[in-house]
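Take the sequences, apply the hints, and build the full model.
For the sequence shown, the positions run 1 to 1253 when the UniProt record's numbering is used.
Quick caveat, the hints were computed from the structure, so don't treat them as lab data. Incorrect hints may have been included.
Result set (BS3-like, lysine-lysine): computed pairs, CA atoms no more than 25 Å apart in a straight line [stated by the list, open to error]: (1) Lys921 - Lys961; (2) Lys777 - Lys807; (3) Lys376 - Lys586; (4) Lys764 - Lys951; (5) Lys968 - Lys1252; (6) Lys967 - Lys789; (7) Lys443 - Lys417; (8) Lys789 - Lys778; (9) Lys979 - Lys586.
With beta-carbon atoms standing in for the labels, derived distance ranges [claimed, not checked]: (10) Ala1138 - Gly585: 55 to 63 Å; (11) Leu72 - Ile623: 38 to 46 Å; (12) Ala1138 - Asp763: 52 to 60 Å; (13) Glu860 - Leu963: 41 to 49 Å; (14) Asp841 - Leu1244: 25 to 33 Å; (15) Ile623 - Asn738: 47 to 55 Å; (16) Glu796 - Ala952: 50 to 58 Å; (17) Lys789 - Tyr444: 29 to 37 Å; (18) Ile775 - Glu860: 13 to 21 Å; (19) Val457 - Leu963: 37 to 45 Å; (20) Phe870 - Asn955: 39 to 47 Å; (21) Pro774 - Val457: 14 to 22 Å.
It should be emphasised that the depicted structure is a prediction, and the values quoted were computed from it without experimental measurement. Note that the Cβ used here is the ideal one computed from N, Cα and C, for glycine as well.
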Amino acid sequence: MSKDLTSKMHLKMKLFLHKLQEGGSVPNHLTVFKEIVSDLQSMEVKYEDEDLGLILVCSLPSSFVNFRDTILYSRDTLTLNDVCEALQAKEKIKQMVFSDGSASNGESLAARGRTEKKSNNGSRGKSSNGHHSRSKSRGRGNKFCYYCKKDNHVIADCYKLKNKEKRTGTYREKTKSNDDGKASVAASSSKNSDGDTLVAFAGCANNGDEWIFNSGVSFHICINRDWFVTYDSVKSGGSVRMGDDRPCQIIGIGSIQIKMHDGIVRTLTDVRHIPDMTKNLIFLSTLDGKGYKYSGGDGVLKVSKGSLIVMKADLKSANLYRLRGTTITGDAAVIFNLLSDSDATNLWHMRLGHMSDLGLQVLSKRGLLDGHSVSKLKFCEHCVFGKHKRVKFNTSTHTSKGILDYVHSGLWGPSRKPSHGGSRYMLTIIDDYSRKVRPYFLKYKSEAFSAFKEWKVMIENQTEKKVKILRTDNGMEFCSDQFKAYCKSQGIVRHYTIPHTPQQNGVAERMNRTIISRARCMLSNAGLNKRFWAEAASTVSYLINRSPSITLDKKTPIEVWSGSPADYSQLRVFGCTAYAHVDNGKLEPRAIKCIFLGYQSGVKGYKLWNPQTQKVVLSRNVIFNETGMLSDNLSSDAPIEGQQKSSVQVEHFIDVDNTPENDNDAVQDAHIPDNSPIVDDSSSVEHSSPVVQPPQHSIAADRSVRTRKPTRRLIEECNVAYALSVAEEIEGNSEPYNYSEAITSADCNNWVTAMQYEMESLDKNGTWDLVKLPIDKKPVRCKWIFKRKEGISPSEPARFKARLVAKGYSQIPGIDFNDIFSPVVKHSSIRMLLSLVAMHDYELEQLDVKTAFLHGELDETIYMDQPEGFVVPGKENLVCKLKKSLYELKQSPRQWYKRFDSFMISNGFKRSDYDSCVYLKTVNSSAIYLLLYVDDMLIAAKEKSEIAKLKAQLNKEFEMKDLGAAKKILGMEIIRDRKSGLLYLSQRGYIEKVLRRFNMHNAKPVSTPLAAHFRLSSDLCPTSDDDIEYMSRVPYSSAVGSLMYAMVCSRPDLSHALSVVSRYMANPGKEHWRAVQWIFIYLRGTSSACLQFGKSRDGLVVYIDSDHAGDLDKRRSLTGYVFTIGGCAVCWKACLQATVALSTTEAEYMAIFEACKEAIWLKGLYSELCGVSCSCVTIHCDSQSDIYLTKDQMFHERTKHIDVRYHFIRGVIAEGGIKVRKISTHDNPADIMTKHVPTSKFELCSSLVGIKV
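If you want it as structure tokens, here you go:
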């Protein structure tokens, strides 16, 4: 018998023999049962869900006989989840009932009662083994009726009482009397019923005027017809069956109103009318299913929703909870989810930023408040504090015909308390037609003009309409010559108010008052410091645009503006407590407590304030407590010192002093995702990444559309480009985002100096002339980009660089530019040059071109706005006519390259035929090499004097920066040991940054990049909503991109692992993420690994390998190859083959084909750099049959289907340029490119390709 069969047999026996002992713990029993089921499923032993439910029922002891009968007879089907929920509900109520410590005789729920058991021998009052049972009954002969005062029967069986009831019409057939001590159990007998169990009570008197709490079925039960406010008779509503098999018919369904303990009338819905029952029952399981929580203690049961207690019940005799309240009759509104009108109205009043009564009623009538109906708003003290005002002036009205026909603007301020961003003023711009408002928060009044220009450009671009009339007051910020001239040039008519008559600008003044008053309300309600006024005002503006307006016939501004109603489902109470997800370690809390500050523009998430770190947090993974406000420790404006940084799972973590307070409506109705709490079952760190969904287009059903896929070469280039972008993001430090942040930052002097230096370079280069803008032209905007570059060594100071760039995204193809190209040398070329440097002990130095793109000559006429902060006084109305290319223009890289290429050619250099960014020149039989990566250069030569000459020539033509001996290029560290003749290419610094970013820097290392137990496929992609939500917060793409950059530059040992995990970028699962984490753990132990180039004169050598059908989804094979020069890798690749290979021979044949193509290119480049022709390149393959196949032209039955393109290698081999040689599998280093290998083999292969750990 195999080990697997033995394990399966053991687990099955354990499943069937697992029993709950009398008095045992039900939760522990369920936990062990589920663990057994999980173990069986992991061994691919699966049971039907109904079978598991029945096995669990059979595992219960005899004391659960009533529970067992009830759950089996009450439904047609049964699942394991049904049984577990019923057991948990029973256990919860049992704990609440007996937590009071009372010794009442009554029992609730599935009560055992003092039932008599009848043994097999017919005796009563004894157990099956002949001993007396626990019942206190004295046998049939000792029974006594307290009604007729006779023996041998009890009152429930008294014929005199029954006859009397029949005569008076009050007779109701009953089960065994409660005096008999038995629990009555009823079960549903109709398929149309809810199919749950119902348990009545023992040991308590009948009272049909009370409500009893219980758990069992999915509906409430009432026995009195006249209690129903709404009522629908049903003919076949089903029935519930009592313990004596007597059915009780459901004859109606309706709603009942009850005046609760707090005097508020609440409504029970979907109540079943069953007149044959003896009690009115409220079932806790029904309330639990609607989101209500209940808890018991000190003889009181409380039912709550959030922090609001909606029901109370007292523990009376027989251990039963009786509702504290009275049933009423009459017409009343049915409250959704048992929430009163007052509760719902108050909640939505706060959610909507203290909206008025009228606005709430309009939204409620339109069904936009989650189905809630609202009542008259109660007195709100916060509204009094925030909205108390003087008697208003009478206002005049006028009618606009369309959007932007008439615009109002006003300035509010200064605020006594500056905002966290330093703003003291608020500029509002209101469209008269839609009443949509856009606020801008300013530090100075003089910024009003630039804010208006920014709004105008943005709004006209979005709407394709023009601003026609602007109404403002006579403030100098609106009446400056610059503002007037701009409006005149744009054809905007100005309307001004009469001095000291702000009522004539009533729309703007009233809007400012509304915003500030409601902001005061929200600050008061939240208990926040006044420095949050800008965040509150921004949130109010967002809400005003979604609030009904009488001017708009009770429509909302956003509806008039966009034509569709707003979405209110994601609104939250300003200032409420918010919990943002974090991951600071396995034993650390998974959330930080923050304060909700509103909705950030352009971000699919929420804006939060962390009171501990005094920073603004942007996160989408948030749980809100809207009934509680976190207002402690916010009265002080001083930042907290000594805060430790933590790994917070948020989209952004923003410094307080640099938080931009922008309007929340810049992006119309940006969707805010649901934020359900998610249980993290992994020790990994997850970072939220907003996912932009592509637009959905409907396609005609009768038309087939061919799926267009990018070419394989384009995919590979995109992958590398993505890796570079992620690497740049990781390498980056915290730098100013714009000019305003730069001049207010702690390093403002350094940034100002850098900007002045940039402007001097632009002036010196003659980049533009100031001219008037032609009428038919539109200028390109510009902005400042700031970069802080750390020194190569810790002792070297950081460099501050400021770059003026054009906003090239606004350029129009065919008008502003034609062809584009970027001069980027290939990484293989860099490594090949480094191998020659180490082999011949060449000098290697590095240069940087200052303002490289400014040297390109423009072929097109382009106009640009003057740079921010450097507008020439008196020439504010002029624009820059560009004569030279500028950074971020589409054509700038190409124009720079044309200029540089012509210079190099004119100085006797030859451009490589195999890489256009490689230049070489032979002087006195000695070569000098130059590699160009945009504006970075590597220069190598035998003699240092030749390098000095080239530097002088370059300095004469361009402004250069001499970086001396090459130490770092593109994030790769170059380390030379000239005594030993060795050169190392390392990325240790970058890898350590990546590990810290993804919180893997303290992980325990492993020996291989991908373990053998990872069997990844698309079957492991998430399918459930919980898994999809969980993985949406995992930074899978960013992590893979970070790892990919390390692989592209210096780590061929990662090729196989990244080839596997990168297949699931579109929809990764948890197992895929664990595989990525495994790669991080491997890097933790090999962060110092590097490529070692030496003096070996071995030429270009190739090793290839392939697996067979390694892709579990499409069964394609993996190609892997590595090229070495001098025993060190210079080029490598691991990728899936384009087609499915039918054999290992065919798979390796296609691998040889791919390696052959790359070998032709590398052979040509190597011959150029060496100056001598490379006669032949040897490809080492471990398949003898493939070697025969590359040489044999004969027809073979098993290879006739191979595509003719792969037979290209036969011609190349026949010409003698490439030859294929057999190599032992044990000695083939390409094995690590295609499959998992043991640690010893992996270390051997790594050393064979020059990886030194």
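Contradicted hints - numbers only: Failing hints, ascending: 3, 8, 9, 10, 13, 15, 16 and 20.
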